[in-house]
Amino acid sequence: MSSLGGLNTPLQPKAARGDELRRKLRGAFQRSIRIILSILASMVVGSLVMLWYKQNPIQVYTWLFQGAFGSQRAIFISLQRATPLIFTALASMLAFRTGVFNVGVEGQFFIGAIAGTFVGYAFRLPAIIHLPLVLLVSFLAGAAWAYIPTIMRQKLGVSEIITTIMTNYIATFLISYLTNYPMRGTPTTPETPFIQPTAKLAQFVELPGGLGKGSQAHVGIFIAIALVLVLWFILKYTTIGYEWRMAGMSSRFSQFAGINMDRVFILGMLVSGGIAGLGGAVEIIGVWRKYKDLFATGFGFRGNLAALLGRNTVFGSFIAALFYGSMEAGALGLEWSAGLPRQLIDIAVGLIVFFMAAEGMWDFVATRKGWSLSGLLRRSSGKPQAQGG
Amino acid sequence: MPPAVEMLGIRKTFPGVVANKDVNFTVEKGEIHALVGENGAGKTTLMNILYGLHQPDAGTIRLWGKPVEIRHNADAIRLGIGMVHQSFKLVPSFTVAENITLGAEPRRAMGLFVDRQAVLRSVTELSKRFGLQVDPTARIRDLPVGVQQRVEILKTLYRSADILILDEPTAVLTPQETDDLFGVIRSLVAGGKTVIFITHKLREVMEISDRVTVMRDGQVVGTKDTKDTNPAELARMMVGREVLLRVKKGEAHPGEPVLRLEDLRVRDDRNLLAVRGISLEVRSGEILGIAGVEGNGQRELVESIIGLRIPEAGKIILNGQDVTTRSIRQRREQGISCVPEDRLVRGLALPATLEENLIATFYFKPPMAHGPLLNLQATGDFARQAIKTFDVRAVSKDVPAATLSGGNMQKVVLAREMSANPSLLVVAQPTRGLDIGSIEFVHQRIIDARDRGAAVLLVSAELEEVMSLSDRIAVLYEGQIVGTIDAAQATEQGLGLWMAGITDGGSVSSKEATHV
Amino acid sequence: MDSELLGRILDVLSRYVFNVANLQGMLRLSTPVVLAGLCALITDRAGILNIAGEGMILFGAWFAVAGSFFFHSALVGVAAAILSGLVVGGLFALFSLKFRAHIIIMGIAINIFGNAATIFLTRAVFKQAGAFADPRIVGLGPIHIPILKDIPILGPLLSGYTAIVYLSWILVALTFVFLYRTPWGFHLRAVGEHPEAAATLGINVQAIRFGAVMASGVFAALAGVYLSLGHLQMFTEQMAAGRGFIGMAVNTFGAGEPVGVLLSSFLFGLVDTIGWRLQGERIMPVYFVSMVPYITTLVALTIYTVRQQRRRKVIASR
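Residue numbers (my numbering), protein chains in the order written: chain A, 1 to 389; chain B, 390 to 905; chain C, 906 to 1223.
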């Protein structure tokens, strides 16, 4: 009979390998189709809004494109807007991959920013020490801010969704307090003093060559890109990366194999928070050079969306963040030309995610695959929860 | 008088397995008809079809002589069929009365409100009419299992069921509760109901049923009047099959004990004691087979050995070390490997690649990793080698495990667990759902492990498998070992009887209270 | 206990707790939390993980202002808000129940969407950025209950609130009646606790879940109405300020019971009010006061789960 004699059977012959390749391509093809359809659906809705504004959608999309890519200045603005999103997207992606919904990226981002700012203005150090110190402290601060919800989840079983959101609000008010009182740099406005020149990240305009005129794009983008590569490396080539991936794909299997789930989750969240914090500091020392209270919001949530758009992969999140950033750049221009509020972009991207996530919608005819974000396991809380149809 | 139920030519296939193969099943009015068979024989599937939870691929159903279409279980309920499942479908926070009337609540005030008085009244009246004592105001979660079952029966009676299907009703009952249940069944039948009783406990079949149908591998083996048969014959009908596979097996050369369990007690998810005092030993170079019908504590036993469950009492000793409370990784490092019963959830990460699945228990050690860095060359080589050695039919090591067939999935699990060269290999239900070729392969590997000096603990509900592989056999019934015997001296009938709870000299069930 | 300490304790209690002004603040500040809590409750009891409360509140708040502004009627505003709650709830249900989108992602998307869309609409429709306030917005006036208002102590405590406050209490009572006295309430609870039991008895599980989500949309919308019409008459960006999530916490702390939600919300409202009082008396800087609801949530969840911990079974993981 069969397998006893088949101990040395080679892997499938070429024909079958070709089949497998075709199947893989078809899968990737189907996914790309879905993304494109989602974008188109979102654009249709967007067009309706534009028509309501009595604008020509084609004209508006052209302006959008021009605002994002139409000139050297535009491209640099896109890069600048994308930089913080890369950090928050990576932070979200890492957490989601591990199976944890870290929606506290927003708070971790700003806590890292304020901590980095403090180190930036409070100390005088040679640049070679100062800059890395700022980055290190911001990373640790973001990680520390992520620690509370993590511990509550691992040791107490409290859903990280509520707790991380709570820490976002607490962070907002804490920072408002800090910029109004202890860290206040000017008598009239709630903002910190300027950081020391040694803690700055150079903007491209400031560099010889004068690139990127009219934008505030800065070399932080390189840090972001470096981070992309580092994360990719970690996930692919290290033991902890392996543990993170497996935990996200099947926590029950990972547990059975002996992986220490507590350690994996906690470490994952800490690094996620750290990356977010790092992104916050980079944004300050690259663009603003001081922390002004409530200077902006939404980095965290946009990062969440970008990670979801990028299907929770390192490069996907990177591309999605670039895409999102360039859309924002385009939208800024739109406000001037067409009077369309820039929130339209958030709505559009939100819609894309909406449509992409709605598996059932695309499965009207085709066979079901059920690959919806496979590996995102929720923490069970005892009561059965509905997940879908 | 036409039979109450006629199921003719029923065929039902699930992916990969034919659950019912041309089944003919008839139940007369007013009888207690037992439906017996091992796990996977197809009895529950057949009854689920009758109850409308599944649609048959072929065949007809007649009730009281008239053909019927049962598309939903609502149809079945309407036609007067009621089913009490093995796992109760009761809402824990509701009272008895609320559960019974759920979905068909008496109403008042133009249908806006539930008439709570009527709810109580109808349940009290129902309970009195059929002699089923319940407190209608008690909450289900506070009630012992026996009473909960009575509630499930009342649920069917509230909807005027004339045909009651009970699926393994005594699986969760104490002997006392079982006697109470039998009294209830008899009085229901005296009142004109018909009862179909699914069980694997032959003692009960003899005690309560009028006729018995035996199923095996999706087919009906035979139907007999209970008074014309005996447990031994039924056991033979249940388990006897052509012996297809006899693995080539050399002599065992057992050495020192590797695993020792001392009076192990383990609770299950419902907080009942599933393992109720097991002591056993497995020596290196031998295969100890644990036979028994599923649900007698096997799962909890295996989980406590591998570390997924902490025992309530007792000790687990591996190579002289007490590992009772050690972590899973520590146990694995000490030399335990496990092929779990739940292949798809525990044994594999389905979305992960074969390579990722294969290295999961030693990815952190050289040569797979040096410090924190993975050596992808080494892991790739290992994966390729393992796939070759274990004859895994897959296109490459990088496909997701979910794309594999059941047999190949199990080979991956085996490859991983055996590559650790364990001193104790625990295998649970290793060939469930596999094709003949894969079964052979798995069996051979288990023998290989033994021959290389491992102690093997084989837990299987397939009696034939246990008999052909094991050197020694122990039978698990209701959380205890009811008998141990050398494989050479074991017989199917003898083991079958032990598995059904019958030892020489009467019932072996000496249950302590399982409710704390 | 010596009398000075006792006196000090009584003094603190009477200033901060048993104090009509503070209790009034408690009742007011707790109202949106009560409604957000009911939003979480109704879906929780149906077995659905609903984190979209925040977005639904924002939609409700915005449409309330819009309706009131354009039709010069607070009632129309309320109706518009309720309608928006049904629509958003309906879409949420459609995408996550029927189209099988991951329910947490849907929740996150609705929250982000709610924020972005309401900001966008404020700029697009009202041509304002940040906040929209206009004397033409008709708010809900205070209701003075005859006879009751003249009773000392109880009068000012129970009379004079806007309609939404009273509505929230009525809804708590109605929710209780619905859950425990009507057939659909029974069905909903069954679906939440043991969907199989419900399904095998012929209950349409999907329909119940749909209904629960849409109802939660309405509750959230009413919370939004309170925020934009019931207190001040304006819409501010992000004015839900996390109440959607605080509502979830209140539901947990209240053990999924309407009365529990009410009492937990009162607790929140009281702590919040005391915080503002402390800020007014310059004992605590305003920013820390603002943190109070969120810290309270964390503490409440911790206490609650620690108590639940006792029953947990432990798997070897160390």
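FYI, nobody ran anything at the bench for these hints, they're computed from the structure.
No residue lacks a Cβ here, since even glycine has one placed at the ideal position from N, Cα and C.
Hints may be right or wrong, so weigh each one.
[To be verified] Pair by pair, the computed Cβ-Cβ distance ranges are:
| no. | chain 1 | residue 1 | chain 2 | residue 2 | range |
| --- | --- | --- | --- | --- | --- |
| 1 | C | G1035 | A | W336 | 50 to 60 Å |
| 2 | B | I699 | A | Y181 | 48 to 58 Å |
| 3 | A | T238 | B | I699 | 49 to 59 Å |
| 4 | A | F222 | C | A1036 | 53 to 63 Å |
| 5 | B | P404 | A | R34 | 24 to 34 Å |
Identify every previously stated hint that the structure contradicts and give their numbers, smallest first.
-> 1, 3, 4
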